[in-house]
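Novice: Sequence order for the protein chains is R and W. Counting with the numbering used here, you get residues 1 to 110 for the letters of the first sequence. Counting with the numbering used here, you get residues 1 to 115 for the letters of the second sequence.
Hints are not guaranteed to be accurate.
Simulated pairs of lysine-lysine, PhoX-like, Cα-Cα distance not exceeding 20 Å [claimed, not checked]:
1. 97(R) / 45(R)
2. 11(W) / 42(R)
3. 78(W) / 44(W)
4. 44(W) / 97(R)
5. 44(W) / 83(W)
6. 79(R) / 45(R)
7. 83(W) / 62(W)
8. 45(R) / 11(W)
9. 11(W) / 71(W)
10. 78(W) / 62(W)
11. 2(R) / 44(W)
12. 97(R) / 2(R)
13. 62(W) / 44(W)
14. 15(W) / 62(W)
15. 15(W) / 71(W)
16. 97(R) / 62(W)
17. 42(R) / 44(W)
18. 15(W) / 83(W)
Think of the hints as simulated: they come from the structure by calculation, not from any bench.
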Amino acid sequence: RKEVEQDPGPFNVPEGATVAFNCTYSNSASQSFFWYRQDCRKEPKLLMSVYSSGNEDGRFTAQLNRASQYISLLIRDSKLSDSATYLCVVPRGWTDKLIFGTGTRLQVFP
Amino acid sequence: EAGVAQSPRYKIIEKRQSVAFWCNPISGHATLYWYQQILGQGPKLLIQFQNNGVVDDSQLPKDRFSAERLKGVDSTLKIQPAKLEDSAVYLCASSLVPGVNTEAFFGQGTRLTVV
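Let the hints inform the model, and build the full structure from the sequences given.
Specialist: Listed below in structure tokens is the structure:
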């Protein structure tokens, strides 16, 4: 089992739709989790952090399920500008070695 | 605040040649990462420095890749000799200190093409 697994997509959704991505992780000791956004040919940038059960920021909600070892990202009222790849990141160990998933590609169409 | 600086932005070399990438992290950031991102994949950690010491290089192909971070600030990543499969974007990232709230900031990357 990979340390961090994501469905690569692509997810093609119309504007205004709600879309959710899941990410599973194998290290039960991980305490914090991150969602990064990466636009085409750009560097990854932090979107949200998740430390406890979840986090909400406007149209974005991240939730953590420790028992099942997955985190999710929910995007409500999708915008064209949300089109990007969403990377799940799980730090491993005390050194905070950041392990990235393969990313889930989202394409929002008019 | 200045971000993570990387150079060059693009590099094309022939296989078996050598190449070097440079990274200047955000001022005061103790942790520096080098990642390799192959098209269509997530970033793969090559090496992680804490100040000028290596804390993880388990995924660095040490027969051809080397990295250093002299004085705990700038870092260079070298490939010698390059192979076709090394074609990728090499991302440098830095973070303040390890911890629960660690956010890594990425540079724009160096896009390497080996022909």
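Novice: Of the hints stated earlier, which fail here?
Specialist: Result: hints 8, 9, 15 break, sorted rising.
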